[in-house]
Each structure stands twice: as C-alpha cells, then as structure tokens.
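Participant: Protein chains in written order, with numbering that gives the first Met the number 0: chain A, 0 to 245; chain B, 0 to 67.
By construction, these hints were calculated from the structure, which means they are not laboratory data. Note that the structure is predicted; figures quoted are calculated from it, not measured. Hints should not be assumed to be uniformly reliable.
Only part of the chain B face toward chain A is listed, based on derived beta-carbon distances under 7 Å [stated by the list, open to error]:
1) Ser13
2) Ser23
3) His38
4) Phe46
With a straight-line cut-off of 20 Å between C-alpha atoms, the simulated EDC-like cross-links for lysine to aspartate or glutamate are [to be verified]:
5) A:Lys94 <-> A:Asp44
6) B:Lys61 <-> B:Asp24
7) A:Lys73 <-> B:Glu17
8) B:Lys10 <-> A:Glu205
Chain B is nowhere near these chain A residues, computed Cβ spacing over 10 Å in every case [to be verified]:
9) Glu25
10) Arg37
11) Arg47
12) Arg51
13) Trp131
14) Asp176
15) Val197
16) Glu205
17) Asp232
Just so you know, even glycine gets a beta-carbon here, dropped at the ideal spot from N, CA and C.
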Amino acid sequence: MAPIPNHSMDMLIRKLDSIARLSDKERRAVEQLPVTVRPLGQHQDIVREKDRPSQCCLLLEGWACRYQVLSDGKRQIFSFHISGDIPDLQSLHLKVMDHSVCTMTQATVAFIPHEAMLELTVAFPGLAATLWRDTLVDGAIFREWMTGMGRRSALGSIAHLFCEMYVKLEAVGLARDRTYKLPLTQQDIGDALGLSNVHVNRVLRELRGKGLITLQSHKLQIHDWAELNKLGDFDPTYLHLDRGAA
Amino acid sequence: MSLQLQPVRVKTGSHDTEGQLVFSDGFLVAVLVRLSQDHEEEAGLWFLEAGFDGADRATQPKFAVNAD
C-alpha cells in the first residue's frame, strides 16, 4: 500500500522549491517523510544548547529563533525562522547543539527523525544539495547580520531586518503588498540586532514619523519600500532567491 | 571616588532630551538620559546613553535612581 501523502510537508516543499525546483519524485519523497506534528506554545524551547537531538524540527506555522543566553543572563538572537524552515537542520551532522531554538509565537512543528532525513539525502542527492544550499544561504544571512551589527546604524539595522523578513516571508507566500505579521517585541528586535530596547523604540518612532512604516498590533506595513531599502542598505542578493519566489 | 552631576540637554533624535553628565573626580564618565513618555512603562528611568572607561557597556542599562 502506498503511503498517504503528508500535507504538513507542503511548507517544506514550498521552501525547498524556492531554493531549487524539485522533481516529482523528490516532492513525493519529502511528502512521505515520517513526521510527528506537534503544537507548541509561545516562548517554548524546541531544542536546547548541549542537547543531542535525534530529530530535526520543521516549522509549519509560527515564528521561531535561534538564540544563546550569556552567563550574565543577556540573550543574543542569531536568526528568526518562519514556516518551511528547519532551524536545527545542523543537528543532522553536528551532534551537539551549540545554541538553543525556541518558538516566538504559538507554533506548529513537525519533527523529522534524523534517520529518515539521512536516508532521504542518500536516496536523493538533488535534495541533499538543496538542503546544503539552504545551509549556505543561512551562512550568507549570518554574514549580513554580522555586517549589520558591526557597521550599520540602529536605523539601518532595523530597516534591513524589516526588508529581509519581508522578502523571506514573501518567498513562501506569507507576505504580500509590502505587509506582514511581525510578532516581535522591541526586546526581541534589540536582542537580535545588539541594540537596547530604548534605541529600538526611538528608531521605530523615527520610521513611523518619516511615514515609511506603520507597525500596529504586530502588523507591519511598509509604505516606502525603496526608501527603507536605502536606509538599510538592503540588497537581497544574499538571500539567493533567484530560483524565483512562488 | 566622588561623582558630580551636571544637567544637560541631549540631542538623541527623540523626545529623550533630559540628561545628566556624570563626572568622576573631574572626568566625564557617563551621559545619562531620562526616558520620556515614549517609553511607556520605562518612562522616567535613567538610561546610560554613553559611558567611558568602564562605564561603557555593550548592553546599556536602565535604572531608577534619582539623579537630580
């Protein structure tokens, strides 16, 4: 009997398809991955630093982040993740987690056993290459964040983040018309960009005052995309979405 | 160590303009700014806007001590 197609894999397929076009066989193989789907609450750890996970976590719904807490209690957020992302994909080959991953909103996740992922990558080298490419894009995003933290102003960093998240969300069909749901607090933004929440507050007021954005009830509307790009020195090349967004 | 305060207006690009220069033995060590109503529940707290030689911190603290 053929396995029943697994529709919870649609987000992963959409994400992988935004990186490289999947063949029908590859698509079916992803659909048939054995997954355990679980709802998670807000601010819930999915995997913690020093854990040795035996499964990867695919985010189906909601936002998550990679982070680390320093010995003095300060938090650094390394990256934000959206539907279709596998934020702990590295655990497939790096056995010990060197950071934690938690939800930022209520979320639905699908856990995929490492064994099944490894079998998939052996059976379908094209999929392995796509996942590899995804981790390379991940590295490109880290480089961009490093530039931002080291060299951009608070205004530039926040403008850049808003542009980046729009392009990523739009690529998987979760944003359009320069509008998206941004479920982050000022503290979250500060922890990601190395800014105090005081500076985040000031910059958001400045962006609103200039008429570039509206941010209300976690809904972000970008009114002047070109100007926000310019402020953030945003060039989406590093996101490598040249395959073409859905 | 003795600290001296000197009121100052700070151009932060926001409504947070009320500040204090903090001197230690005649040397400027910090610029504090009182957070305006823009910061809602944190309004009124003092924010370390800039610090020098040990008072410079990657994460700038906020505190409620009255600097007047």
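Participant: Hint by hint, note whether the structure agrees.
Facilitator: Comparing the hints with the structure gives:
1. Ser13: OK, holds: B:Ser13 within 7 Å of chain A, min 4 Å.
2. Ser23: Nearest chain A Cβ about 23 Å off; hint violated.
3. His38: OK, holds: B:His38 within 7 Å of chain A, min 6 Å.
4. Phe46: Holds, because the Cβ-Cβ distance from B:Phe46 to chain A comes to roughly 5 Å (cut-off 7 Å).
5. A:Lys94 <-> A:Asp44: holds, 18 Å
6. B:Lys61 <-> B:Asp24: violated, 23 Å
7. A:Lys73 <-> B:Glu17: violated, 27 Å
8. B:Lys10 <-> A:Glu205: Between B:Lys10 and A:Glu205 the Cα gap is close to 14 Å, so the pair holds against 20 Å.
9. Glu25: holds, 45 Å
10. Arg37: At roughly 34 Å from the nearest Cβ of chain B, A:Arg37 sits farther out than 10 Å, so the non-interface label holds.
11. Arg47: Since the minimum Cβ distance to chain B is about 23 Å, A:Arg47 lies beyond 10 Å and the statement holds.
12. Arg51: It holds; A:Arg51 is separated from chain B by about 31 Å at its closest Cβ, greater than 10 Å.
13. Trp131: Nearest chain B Cβ is 34 Å from A:Trp131, so the label holds.
14. Asp176: Per Cβ check, A:Asp176 is outside 10 Å of chain B; nearest 29 Å; holds.
15. Val197: About 5 Å separates A:Val197 from the closest Cβ of chain B, which leaves it inside 10 Å; violated.
16. Glu205: Non-interface label on A:Glu205 violated, nearest chain B Cβ at 7 Å vs cutoff 10 Å.
17. Asp232: Holds, since 19 Å exceeds 10 Å.
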